[in-house]
Each structure stands twice: as C-alpha cells, then as structure tokens.
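There are 2 protein chains.
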Amino acid sequence: MANPAVAPPRIFNCARAQPKIRPSLKGRVKGVCVSSLPAGPEIERLIQLLAKLPGLGPRSARRAALVLLKKREALLEPLGTAMRDAAAAIKTCETCGNLDTVSPCSLCRDGRRDPHVLCVVEDVADLWALERAGVFRGRYHVLGGALSALDGITPERLNTASLIARVDEGVDEVILAMNATVEGQTTAHYLMDALTPSGVKVTRLAHGVPVGGELDYLDEGTLSAAFRARRPL
Amino acid sequence: MANPAVAPPRIFNCARAQPKIRPSLKGRVKGVCVSSLPAGPEIERLIQLLAKLPGLGPRSARRAALVLLKKREALLEPLGTAMRDAAAAIKTCETCGNLDTVSPCSLCRDGRRDPHVLCVVEDVADLWALERAGVFRGRYHVLGGALSALDGITPERLNTASLIARVDEGVDEVILAMNATVEGQTTAHYLMDALTPSGVKVTRLAHGVPVGGELDYLDEGTLSAAFRARRPL
Chain B
496 MANPAVAPPR IFNCARAQPK IRPSLKGRVK GVCVSSLPAG PEIERLIQLL AKLPGLGPRS
556 ARRAALVLLK KREALLEPLG TAMRDAAAAI KTCETCGNLD TVSPCSLCRD GRRDPHVLCV
616 VEDVADLWAL ERAGVFRGRY HVLGGALSAL DGITPERLNT ASLIARVDEG VDEVILAMNA
676 TVEGQTTAHY LMDALTPSGV KVTRLAHGVP VGGELDYLDE GTLSAAFRAR RPL
Chain P
496 MANPAVAPPR IFNCARAQPK IRPSLKGRVK GVCVSSLPAG PEIERLIQLL AKLPGLGPRS
556 ARRAALVLLK KREALLEPLG TAMRDAAAAI KTCETCGNLD TVSPCSLCRD GRRDPHVLCV
616 VEDVADLWAL ERAGVFRGRY HVLGGALSAL DGITPERLNT ASLIARVDEG VDEVILAMNA
676 TVEGQTTAHY LMDALTPSGV KVTRLAHGVP VGGELDYLDE GTLSAAFRAR RPL
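So the sequences go chain by chain: B and P.
FYI, in the working numbering the residues of the first sequence are 496 to 728.
FYI, in the working numbering the residues of the second sequence are 496 to 728.
Read the hints as simulated data drawn from the structure, not as lab findings.
No incorrect hints appear here.
The list cannot tell twin chains apart, which means a pair is met if one copy fits it or any two copies do.
Calculated lysine-lysine pairs in the BS3-like style (CA-CA distance at most 25 Å, straight line): (1) 566 with 586; (2) 586 with 565; (3) 547 with 565.
Model, not experiment: these values are computed from the prediction.
All chains should be modelled from the sequences, with the hints used to inform the complete structure.
Pasting the structure below:
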C-alpha cells in the first residue's frame, strides 16, 4: 500500500522539488527538504528561475545566483536590465521566422544577401550557427521545429505554408539545412515533396566525415553516408 | 616583426572577443569574427552577460539566451523581474556576513538557534551547503574568503575582527568549517591563534573518507588523515 502518510521520508533535490510542496506543509514534513536556503524568497525565486536555463542545474543555479548577488552592480543589475530590454525589443521576423529586434529581421533587410536562394533551418540556433560559419549569403527560413509524430508536431505547426508562399514569389534554390536526425530528415523529405510542384531546385547539406573527425570514432551511419557520397579527387 | 596589419587573420572566440574590438573596425577586419550574431544589440548584450555566469561559456550562453527569448513570458520576463527584485532586496547581514533580504539575517534572528555556538565559514556558499545538510543549529560567521598571500587577502580583508568581537560577547564553542585547502587551513590556523586569548573552545571539521567514497580513488592526504584520526568501533 503506497500510503504517503507512512511512506519513509525521501530526500530529493530541493531546488526542483520545492514548487511541488504545498506551502502549508513547509517546515512540517520531516525528512523532506522543504526549505533549501536560509535566504529570502527573492533569492530562492532567482535560483529556481536560473535552474530552468539549459546547462544550469539546481546546484549550478545556486552558484550562479551567489555570483550574481556578490557582483550586484557589475552583473546582477546589468543582466536584469538586459533581460528587460531584450524582452521589450525582441520580435519574430514576419518573413523568415528569425528572432531580431526589428521585423523584417536584419538578414531579410540586407540588400547584399541573395533573395533567390533560401536556406531552410529548423531553429534560430541553427541559423546562428550557419551565420557564425559565414558560409551562406542568401536568405533564411526558420521552420520553428521539426516534424515529430511523438511530440505531435505536424506540418501545420511549422512555418511550412509561408515557406511555400515565399518559394512561389521567385526563388531559384531551396537548401534544406535540417539536422541529420530522424525528425530533421523526415522534415526534409516532407518539404522535398511539398516543394516539388513549384519546380524549384531543392538541395540538402552533405553528410559525411566532419572536419577534424577520426574514422575510428564515427558511427556506421556517418561512415556509410561518407562512402556512398565519395567524390573524385 | 609583429605588425598587426600583415599578421595572418586569426579566428577566435566571438562572444568573448567582441568587447575588445573597436566599433570602428566592425565589419571591416577580414578574418576576424566581428559580428557573431545576426541579431540586435540587446540580444548580443544579453548573451555577453549570461556568459559571465559560472557554468556558462559563450556557447551555452547563446543557447540559454535562445531559450529565454523563446520563453519570453514564462522565463525571460520573470527572470528579469526576479533579478531586479533580488538586487533591490539583498543585504549583507551586519552580524554574520550572510546574504539575506533582512539584516540581521533570518539565521541570526532565529531564536531557536543556539547563540553560544559559532560556525565560521569562508563563504555564503559554504553556509548554504551546511544548512542544506541540516547538521548545525547554532549561528554562523561568514569570513568572506580565505587568507591568501598570492591574492593579497590579509586578515584585515576578512571579517575576523567582528568574529573576535562576537566571541567576546559570550560564545562557548567556535567551529572552524574552512575548506580543506591550503588557504582554508591557513585561515583556520590563523583564527585558532587569534581566538586563543579569549579562551573559547575551538574545534574544526573532521578530515577523512567522504561518505560513499572508495579508498581506491582517494588521495594520499585524505587516506593519511583518515588513518591518523581513526576511531574505536
């Protein structure tokens, strides 16, 4: 019988567990960590929110909060202001789905970029990665995710309709820069089919040995793709 | 001759390098990554500040910023508010040096805690760690660091004078809970000497095998300390 009243006390992670505990139980449930910090509610809230950032768990969120509190003028206040400014300024580009402080975004406004080549990416992070590499001088289209039956992400939930509309306005080539994952490749196949009627040239990124990679450490899928796509020297 | 005009272009880490580049050079220096992101200055500033948090490098700061921007209402705005609230509310306890939203802090105000036993720690993080363990029901004293000749941290820069004053006001035992590092142990020895005239009982934490630790993985210093401090069963 799993009666919670007689269940042995469990110690679990305070920073994550705290929001689930009813306030009326605070300080009364023995053996359960109810108050993780001898600090004010403002500090606990700061830690709880920091712990939601990727790369920060509850422990590193505490460490980050302490650094913030110690460097109040140099870091805490500027970061709070930067977050407020970013929250007020950020816009989703109405053309491509990129995040920027203007809409259309600075990439869509840039007259030096070729409007006849579209690079389709899953996410803004992918767009940033390609821009860092500096390999592409056309325009982007951010889908906002990849097709996934498990997560219920259908074509209607992605920016596919706007992609097809943009292609119809005069695009010579669509580069599908999806992730080399099952979801990414499913999305690429779906887009390939969806774009066929428009007659546009559709390409995808090459798969193969990453630069600096050692064959010994690569999986069979990558090696097989690299073999099949081998090129004459 | 190290003439910067003819030096080969170097690629270095954009997020960290950016603040060092003169604005007039932006977009003109070839081969140097001057604009890491195709996003507005508010977003770049947010990333730069996030990268200063412990545990977040430039790459994970970008990832954290993207998550923040995507979850504007659920995370970015609350976190900005939490930082502003914390910056406004945080105080250093005038008695023990702890960080809290009230001064004296909630631990110093807690009448259930024994005021005759003082636990001296280097940092607020150590105080939080001991409170999480829930092993101590007395009062704390936060030194604000450890003695370090290399970093120029002398006893005058730590809260040692206030510690000695507190001890003189009627304390039965001082527990030195320094880190088991060279600096921590130097500080403990200094405090031991400084507290001798007051005649107070001074103790320190035990050194030994950490709970869950395997002998095979422990260093000689720990094993030697554990052997010397062995106890009858």
